[in-house]
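Chains as they are written, first to last, in our numbering: chain A, 3 to 572; chain B, 31 to 504.
Just so you know, the hints here were simulated from the structure itself, not pulled from any lab data.
Everything numeric in this text was worked out from a predicted model, so none of it was measured.
C-beta: ideal position from N, C-alpha, C; glycine also.
Hints may contain errors.
Unchecked claim - Every beta carbon over 12 Å from chain A, so not counted as near; a handful from chain B, in silico: (1) D51; (2) E71; (3) S75; (4) D99; (5) P104; (6) G117; (7) R305; (8) V395; (9) E461; (10) I469.
What the hints assert, rightly or not - Pairs of lysine-lysine residues, derived as BS3-like cross-links and limited to a Cα-Cα distance of at most 27 Å, are as follows: (11) A:K241 with B:K220; (12) B:K220 with A:K221; (13) B:K220 with A:K222; (14) A:K237 with B:K220.
Said to hold, decoys possible - Stretches of chain A that chain B covers, calculated by requiring three or more beta carbons in the stretch to come under 8 Å of a beta carbon on chain B: (15) 213 to 225; (16) 551 to 563.
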Amino acid sequence: MQDVAHASAGGHSHATAPNPVVDFEVQPRSYHHWKVSYEGPIARVAMAVDPAAPLRDGYELKLNSYDLGVDIELADIVRRMRFEHPEVRVVVLTSANDRVFCAGANIHMLGTSSHAWKVNFCKFTNETRCELEEATAASHQTWVAACNGTTAGGGYELALACKEIYLQDDGNSAVSLPEVPLLGVLPGTGGLTRLVDKRMVRRDRADVFSTTAEGIRGKKAVQWGLVDAIFPRSKFDEKVLERAKALVTAASANLPTGERKGVTLDALHPERTSNGRKYRHVELTWDDTTRTASLTIHGPTPDDVALVERGADAIVRAGADVWALRAFRELDDALLQLRVNHMLVGLVAVRVVGDPSCAQAHDAALIKARDHWFVREVMLHMGRVLRRMDNTSRSFFAFADKGTAFAGCLLEVALASDRLYMLDDTSSPVHLALSEFNEGALPMHTGLTRLQCRLLGAKPQLDALVGRRELLDAEAGDEAGLVTVKLDDIDWDDDTRIAIEERASLSPDALTGMEQNLRFAGPETPDSKIYARLSAWQNWIFIRPNATGPEGALTLYARPERPQFDWSRV
Amino acid sequence: MTSVNVDLNGKIPNNVGLSEDAKLQRALEGWLPRYLDWWNEMGPSDFADKPVFLRTAVSVDPGGWAHYDYVRMPDYRWGIFLDPGNGPATIKAGDDAGKPAWLDVPGEHRNALRRIIVTQADTEPASVEQQRLLGHIAPSLYDLRNLFQVNVEEGRHLWAMVYLLHKFFGRDGRDEADELLLRRSGNADKPRILGAFNQPCDHWLSFFAFTMFTDRDGKYQLAALSESGFDPLARTTQFMLTEEAHHLFVGETGMDRIIKRSAELQKLDPNGDVRAQGGIDFDLIQRTINYWYTYSLDLFGGEVSSNASTFFATGLKGRYREEQYSDHLALEGSYRLPVIEGGRMVENDVPLRTAMNEVLRDAYVADCERALRKWNKTLEASGSPTRLTLPSRRFHRHQGIYADHHFDPQGNLISAEQYAANQARWVLVPEDNTYLLSIMKPVYEPGKFANWIAPPAKGIEGRPMDFEYVKVHA
Ligand SMILES: [Fe+2]
Ligand SMILES: [Fe+2]
Numbered sequence: 003m004q005d006v007a008h009a010s011a012g013g014h015s016h017a018t019a020p021n022p023v024v025d026f027e028v029q030p031r032s033y034h035h036w037k038v039s040y041e042g043p044i045a046r047v048a049m050a051v052d053p054a055a056p057l058r059d060g061y062e063l064k065l066n067s068y069d070l071g072v073d074i075e076l077a078d079i080v081r082r083m084r085f086e087h088p089e090v091r092v093v094v095l096t097s098a099n100d101r102v103f104c105a106g107a108n109i110h111m112l113g114t115s116s117h118a119w120k121v122n123f124c125k126f127t128n129e130t131r132c133e134l135e136e137a138t139a140a141s142h143q144t145w146v147a148a149c150n151g152t153t154a155g156g157g158y159e160l161a162l163a164c165k166e167i168y169l170q171d172d173g174n175s176a177v178s179l180p181e182v183p184l185l186g187v188l189p190g191t192g193g194l195t196r197l198v199d200k201r202m203v204r205r206d207r208a209d210v211f212s213t214t215a216e217g218i219r220g221k222k223a224v225q226w227g228l229v230d231a232i233f234p235r236s237k238f239d240e241k242v243l244e245r246a247k248a249l250v251t252a253a254s255a256n257l258p259t260g261e262r263k264g265v266t267l268d269a270l271h272p273e274r275t276s277n278g279r280k281y282r283h284v285e286l287t288w289d290d291t292t293r294t295a296s297l298t299i300h301g302p303t304p305d306d307v308a309l310v311e312r313g314a315d316a317i318v319r320a321g322a323d324v325w326a327l328r329a330f331r332e333l334d335d336a337l338l339q340l341r342v343n344h345m346l347v348g349l350v351a352v353r354v355v356g357d358p359s360c361a362q363a364h365d366a367a368l369i370k371a372r373d374h375w376f377v378r379e380v381m382l383h384m385g386r387v388l389r390r391m392d393n394t395s396r397s398f399f400a401f402a403d404k405g406t407a408f409a410g411c412l413l414e415v416a417l418a419s420d421r422l423y424m425l426d427d428t429s430s431p432v433h434l435a436l437s438e439f440n441e442g443a444l445p446m447h448t449g450l451t452r453l454q455c456r457l458l459g460a461k462p463q464l465d466a467l468v469g470r471r472e473l474l475d476a477e478a479g480d481e482a483g484l485v486t487v488k489l490d491d492i493d494w495d496d497d498t499r500i501a502i503e504e505r506a507s508l509s510p511d512a513l514t515g516m517e518q519n520l521r522f523a524g525p526e527t528p529d530s531k532i533y534a535r536l537s538a539w540q541n542w543i544f545i546r547p548n549a550t551g552p553e554g555a556l557t558l559y560a561r562p563e564r565p566q567f568d569w570s571r572v
Numbered sequence: 031m032t033s034v035n036v037d038l039n040g041k042i043p044n045n046v047g048l049s050e051d052a053k054l055q056r057a058l059e060g061w062l063p064r065y066l067d068w069w070n071e072m073g074p075s076d077f078a079d080k081p082v083f084l085r086t087a088v089s090v091d092p093g094g095w096a097h098y099d100y101v102r103m104p105d106y107r108w109g110i111f112l113d114p115g116n117g118p119a120t121i122k123a124g125d126d127a128g129k130p131a132w133l134d135v136p137g138e139h140r141n142a143l144r145r146i147i148v149t150q151a152d153t154e155p156a157s158v159e160q161q162r163l164l165g166h167i168a169p170s171l172y173d174l175r176n177l178f179q180v181n182v183e184e185g186r187h188l189w190a191m192v193y194l195l196h197k198f199f200g201r202d203g204r205d206e207a208d209e210l211l212l213r214r215s216g217n218a219d220k221p222r223i224l225g226a227f228n229q230p231c232d233h234w235l236s237f238f239a240f241t242m243f244t245d246r247d248g249k250y251q252l253a254a255l256s257e258s259g260f261d262p263l264a265r266t267t268q269f270m271l272t273e274e275a276h277h278l279f280v281g282e283t284g285m286d287r288i289i290k291r292s293a294e295l296q297k298l299d300p301n302g303d304v305r306a307q308g309g310i311d312f313d314l315i316q317r318t319i320n321y322w323y324t325y326s327l328d329l330f331g332g333e334v335s336s337n338a339s340t341f342f343a344t345g346l347k348g349r350y351r352e353e354q355y356s357d358h359l360a361l362e363g364s365y366r367l368p369v370i371e372g373g374r375m376v377e378n379d380v381p382l383r384t385a386m387n388e389v390l391r392d393a394y395v396a397d398c399e400r401a402l403r404k405w406n407k408t409l410e411a412s413g414s415p416t417r418l419t420l421p422s423r424r425f426h427r428h429q430g431i432y433a434d435h436h437f438d439p440q441g442n443l444i445s446a447e448q449y450a451a452n453q454a455r456w457v458l459v460p461e462d463n464t465y466l467l468s469i470m471k472p473v474y475e476p477g478k479f480a481n482w483i484a485p486p487a488k489g490i491e492g493r494p495m496d497f498e499y500v501k502v503h504a
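Whole structure, please, built from the sequences with the hints as guidance.
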């Protein structure tokens, strides 16, 4: 018998390994785990995980199993495909291993990870899969899974994020979600949700499938809707290519304008100090003793606005230097740094520095050029970064004091925060301002705008705000329902300090749970279900003894002892 | 259980109560015609109408399991037998060792058991497919008959496994039984499950090496399954082992007879050149040993295996002759395993349960070493200076922790370039086939043997050497 997802040569210890400092920026020339090739409108992304290059010591990445390092590269591929290869219409996701497409998340990595590491790992991988889906839905880049071997667990979940799934029919290759029967946890990267919500597999069949460790192959996989088609081994590549070509035609309809010449994403090169990272437009500093961080974003300058006002061609020429792309890439990196490398930081004080009118003018010019593919990609990217912020388990307090300019796309940063404190001082007035970016261009995972979400029970206030473009002082902002606490300059220092100290004293777990419940008022979508329902259950299961206790199934996987369950249903 | 011996359509000898089991009858009625179609398409080619002096098991009584007579192969009575056992069975290994064995499939182990049975079952028709053309170049009627005996018994082994699938695994089991007839050895699109069963077996040197080494893997897998806590599986495989012993005999003595003949030809030739005398030289024999032994080693699965651990822990499989051990839990011990770390060999201790594949492989390797000693005795007795060896178990592997590295036959870690440079000296290459096929012409005259193989020590079931074991001219 061959093991499907066996990933260790033994001798491993199950003690939690120390977490390395993770760098989320990678360059294509230094990929360890993927082979990417391009042929006209079709790109081929082949998983070729190097077993000897895990992110942390203590496990080997056998059989195309992945860890955070593998997924950071995949996220980079998905992102660069959109910016650097706009000529690509179809991406075939496959494996360079001739027996295994992907065996899923590395189980020994999970078994030796702290709870926080597991949660961050799952969250990031979920975000990557949502990005991949968004590329299919919004960027005319259709991802197709060509499962040329065993497709197990996270491997099948990765395939589920693609628009179509093709499985090799060789009597052996199966798709499976063995997490429940083998590991006592859930398929945590959207598998259960996409099974019933996206592919609309019948729930009773999904139940059978998700409890059958060996999975389902061949015709039955097609009949049940688990894959779109099966092709024999000898014809697999040819048939997949045939399908890819057909999809190129479909994905080429109604393309945004602009010459399909890629824009290279350069490295960010932040200045690193012992307590901070300083980027061009963003600065992050942290203080582990007070468990707080400060995140400052510099809005667009008049030069930035002038550039954008020259139109799409000028914007493409500026490429990765365009403020809207650069600043949001920096914000993205800062958020990821916070999540994974600064676990003690509980509260982030957010400031946006600049001129609100300038920000409004910038937004208006960018929106004007939005028919161009590159501008469109820049805007989609901004939306993803803000959604990453929505999903970040830190308290965010936005502080609109002297010199700040929460306006337009950067007002979203305040709306994504848990509270907005605003200085009310007539001698140095502060303003908020809206732009079209607050009215649908940067949706949340629920599909709502952050304004809609915030003013869910205040339709008149919402209606009054839409289209309103004058600067809003503290008074007006408060009336409009944007300001949490309005403070004059006498109270500002004390009250904000106390608010921060009070917040930092509360249970971090309870705060995470509370914030995640309050941030997402309104309807659910498959994406929001993945981050809420699926992730919440998974995170609960992850700390339950039946999974991670000394006799839990995840702990004992590949160990000589069998798991012992506490049979009481909770 | 008593022997019932009532047939389905007068065809299926059995002791599993088939005549009273309407569900099983219905399943087999559907499967039997498909099985015969498969046999006619993929079984031994062109000998369907020839009477063969075959052994048929008609009951499990001491006198019943070896009934000899002339039979045309498609008329062979493929039976279903469980070893009668002695008294209530217990679980032999793992966490529940000592408790009563399961007479039915426990739900929690259903999928794993089905997988185990399907994987074993798939090897049975596979080897028939691999060997289907060999009858045309048989070195004697004696050998031709042995080939067909092995073939029909592999067919019966498929029946034995299909019985379990039909009887205990419902709809899924029936689907799997059908798929066993659809996969094809060596077919790129529908390959057999395990690697060795997709390798071509083009000539009799490979046939003897296959029955020596690959069937011997089967013996150890069956032996481990005969320790299963699932009683019907344990008793089915127990009975299969009696037939498997004959396949191993064919392989081991076949190799021995070639070795003996090559030693004679070596002596006969003025330059000691076996090939000049139309025989099979010892380098080629050694390459064949290297090739089939290592492919067979792969069949035992990963050196460190969570599946192996689970199968042992849950009592689905035991070790070879589990009764020889006093500790059936195997939770405490560890197994010292040479592994490659950072480009060099080091030894790691792994938990014993996760090393159960390796424990079984150890028993197999020891058995193969015994056969090698015997063959070398033959060489010694013939006055030949040549000695044959078993390669290291790290050499030429396609599964497990050694598969991604290169080793020489002594087990030393070498580079891919070094391996490529020596491959033709170490394992079978296409030119070997060309030579072997050039010397292998059919010998169908009773009592006559091809030049490249010595006659056996004695005939079958007391029959003389010139007995017409297959009536090829009938
Ligand atoms: Fe057999
Ligand atoms: Fe056999």
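So, going through the hints one by one against the coordinates:
{"no.": "1", "hint": "D51", "verdict": "holds, 27 Å"}
{"no.": "2", "hint": "E71", "verdict": "holds, 17 Å"}
{"no.": "3", "hint": "S75", "verdict": "holds, 23 Å"}
{"no.": "4", "hint": "D99", "verdict": "holds, 37 Å"}
{"no.": "5", "hint": "P104", "verdict": "holds, 26 Å"}
{"no.": "6", "hint": "G117", "verdict": "holds, 28 Å"}
{"no.": "7", "hint": "R305", "verdict": "holds, 37 Å"}
{"no.": "8", "hint": "V395", "verdict": "holds, 19 Å"}
{"no.": "9", "hint": "E461", "verdict": "holds, 27 Å"}
{"no.": "10", "hint": "I469", "verdict": "holds, 34 Å"}
{"no.": "11", "hint": "A:K241 with B:K220", "verdict": "holds, 17 Å"}
{"no.": "12", "hint": "B:K220 with A:K221", "verdict": "holds, 13 Å"}
{"no.": "13", "hint": "B:K220 with A:K222", "verdict": "holds, 16 Å"}
{"no.": "14", "hint": "A:K237 with B:K220", "verdict": "holds, 12 Å"}
{"no.": "15", "hint": "213 to 225", "verdict": "holds (count 3)"}
{"no.": "16", "hint": "551 to 563", "verdict": "holds (count 5)"}
Checked against the numbered hints given earlier, the structure satisfies every one of them.
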